[in-house]
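Engineer: Take 1 as the starting number for the sequence shown in my numbering and just add one per residue.
By construction, these hints were calculated from the structure, which means they are not laboratory data.
Heads up, some of the hints might be wrong.
Stated by the list, open to error - Derived DSSO-like pairs (lysine-lysine); straight-line CA-CA distance at most 30 Å:
id, residue 1, residue 2
1, K122, K8
2, K122, K9
3, K82, K304
4, K125, K165
5, K316, K22
6, K304, K316
7, K156, K293
8, K38, K293
9, K186, K222
10, K222, K9
11, K32, K186
12, K148, K244
13, K125, K304
14, K8, K165
Unchecked claim - Pair ranges (Cβ atoms, derived):
id, residue 1, residue 2, range
15, F159, E235, 38 to 44 Å
16, E53, A144, 16 to 22 Å
17, I28, H95, 48 to 54 Å
Quick reminder that beta carbons are idealized off the backbone N, C-alpha and C, glycines included.
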Amino acid sequence: MKMIELLKKLTQTPGISGYEEKIREVIIEELKDFADYKVDTIGNLIVELGEGEEEILFMAHMDEIGLLITGVTQDGKLRFRKIGGIDDRLLYGRHVDVITEDGKVDGVIGAIPPHLNVRGDKGTKPWYDLVIDVGAESREEVEALGIKPLDYAVFKKHFAVLNGKYVSTRSLDDRFGVVALIEAIKALVDHEFERKVIFAFTVQEEIGLKGAKFLANTYSPKYVFAIDSFACCNELTGDVALGKGAVIRAVDNSAIYSRSLTRNVLKIAQNNSIPIQIGVTGGGTDASAFQHKAEVLALSVPIKYLHSEVEMLHLKDLEALIKLIEAITFEL
């Protein structure tokens with residue numbers, strides 16, 4: 001299935017906030033035969049279809065959470081800081097890929113075995129007490145491996161298709177959104193529009209919506225949609241569930257999104273027999289950067305285990321989301 005192959009390709013490509021070069025190159029490779037594109041000053045990748053004074057904007061962020069290398073100890077271990085929202089519980093005893101200018105190096109974040117835990121510590125070890133071990137015994141060995149401060153690391157990624165229906169891997173947030181925009185562009189590129197339809201793959205969302213804020217100084221769209229994750233599922237998110245369709249993310253920690261736009265999108269989904277859910281979750285999206293100047297809404301698929309190594313989505317939800325983006329473009 002081509003969509004699964006594209007999901008795997010994009011999720012396997014590293015690119016934390018501020019270091020999106022590699023993932024941007026992969027997206028360009030996917031789009032270059034279909035549509036013209038440009039890269040703005042901050043690094044957002046933009047595709048524009050159609051012409052006209054009115055604008056509609058769809059955004060998906062291409063950055064991911066990860067670790068920034070901040071220094072090297074005398075005995076060859078790597079100090080780091082977190083980039084984006086990473087639970088310290090997920091760091092302990094993990095394999096990572098250290099991304100250098102010339103490639104990648106295997107590393108691990110070690111764990112004290114229970115046999116040696118003489119203090120009986122049971123609490124979560126904070127990130128600042130952890131180091132990445134790349135098998136080096138000195139700063140010189142680390143340098144010989146091509147690693148230096150301001151390189152970065154990501155969790156080593158395993159891609160799994162579960163029961164033929166689900167995909168589980170790290171960085172589905174927001175590479176599924178990237179897939180949705182790529183597929184929508186390919187489907188829409190040969191159509192004529194009387195307004196400008198803008199697709200933006202944004203940078204630095206995980207550290208404060210930096211790419212979207214830059215776009216808000218460039219464009220003045222009538223409608224703005226962020227294609228981003230819907231953290232699911234617990235008492236906060238109500239009846240939203242995997243496998244029941246795309247999600248209108250009506251409220252989160254960053255915005256109460258446009259109620260009139262919500263009603264319009266619900267109607268479009270119903271008219272096109274697209275399975276749709278509506279819900280409330282935490283976090284924020286790029287759309288909130290435009291809330292002062294446009295009608296904004298976040299469109300999603302429900303994702304279990306968000307910001308972990310085992311993020312999970314239902315493939316049919318992603319298919320529904322792509323159809324919804326295409327229908328909105330024609331009918332809104």
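Engineer: Hints the structure violates: just list their numbers, smallest first.
Structural biologist: 1, 2, 4, 7, 10, 12, 15, 16, 17
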